[in-house]
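Chemist: Here the protein sequences line up with chains Z and L, keeping their order. Numbered continuously in my numbering, the first sequence closes out at residue 826. Numbered continuously in my numbering, the second sequence closes out at residue 826.
Hints listed in this document are in silico derivations from the structure and should not be mistaken for laboratory results. Note that the coordinates shown come from a computational prediction; the quantities given were computed from them, not determined experimentally. All C-beta atoms in this analysis are idealised placements derived from N, C-alpha and C, irrespective of residue type, glycine included. Do not take every clue at face value.
[As the list claims (entries may be wrong)] On the chain Z side, residues computed to face chain L include the following (Cβ under 8 Å):
#1 G733
#2 G736
#3 H756
#4 W778
#5 D791
#6 S792
#7 L795
#8 Q799
#9 A800
#10 G811
#11 F815
#12 L821
#13 L826
Number of protein chains: 2
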Amino acid sequence: MYGLMGRMLAAPGEREALLAIMLEGHAPMPGCRSYVIARDPKSEDGIWITEVWDSKQAHTDSLQLPHVQATIAKAKPIIAGFAEFIETEPLGGSGL
Amino acid sequence: MYGLMGRMLAAPGEREALLAIMLEGHAPMPGCRSYVIARDPKSEDGIWITEVWDSKQAHTDSLQLPHVQATIAKAKPIIAGFAEFIETEPLGGSGL
């Protein structure tokens, strides 16, 4: 499995709008075992995304899915940037 | 919901043994929506745990479960310490 934990930064004052776009746009993706969208309580603009995929390739492929591309297009104007980006090798647990 | 991402450090040379204890000891816990055990590919001794709970209280309560206490007792001698500890507010996604 392939894991990702990333923190995205919303444009000032736009975190709730960005969260709404991401939550609305979320739909099952092939090879995706877990995808969690979370507010970062330590900052005004941070959003944590934690993901578990069957493989790194499954994650790369997902970026071409029409609903993912539509969400990226909608979200882009209110994304200020990206902070932490952490890759992991998930082995097991619950919710996968 | 209440989220946690933490990095645990195994004693030198003990990461695979610690992972085995954690994977074997893992069982469903009340109020736990996701619990992922992962190797940290950027270090020799790191293990990432990412968790989503119904509430912070559900996480606190889980530490008293007999199977959790048994796993902690088994793991303790080969845990060198804890590094990152990040709390989040999960809102939605897949695998919850």
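Chemist: Each of the hints needs a verdict: does it hold here or not?
Modeler: Evaluation of the provided hints:
{"no.": "1", "hint": "G733", "in the structure": "holds, 5 Å"}
{"no.": "2", "hint": "G736", "in the structure": "violated, 11 Å"}
{"no.": "3", "hint": "H756", "in the structure": "holds, 6 Å"}
{"no.": "4", "hint": "W778", "in the structure": "holds, 5 Å"}
{"no.": "5", "hint": "D791", "in the structure": "violated, 16 Å"}
{"no.": "6", "hint": "S792", "in the structure": "violated, 11 Å"}
{"no.": "7", "hint": "L795", "in the structure": "violated, 13 Å"}
{"no.": "8", "hint": "Q799", "in the structure": "violated, 18 Å"}
{"no.": "9", "hint": "A800", "in the structure": "violated, 17 Å"}
{"no.": "10", "hint": "G811", "in the structure": "violated, 18 Å"}
{"no.": "11", "hint": "F815", "in the structure": "violated, 11 Å"}
{"no.": "12", "hint": "L821", "in the structure": "holds, 5 Å"}
{"no.": "13", "hint": "L826", "in the structure": "holds, 7 Å"}
Hint violations for this structure: numbers 2, 5, 6, 7, 8, 9, 10 and 11, all remaining hints satisfied.
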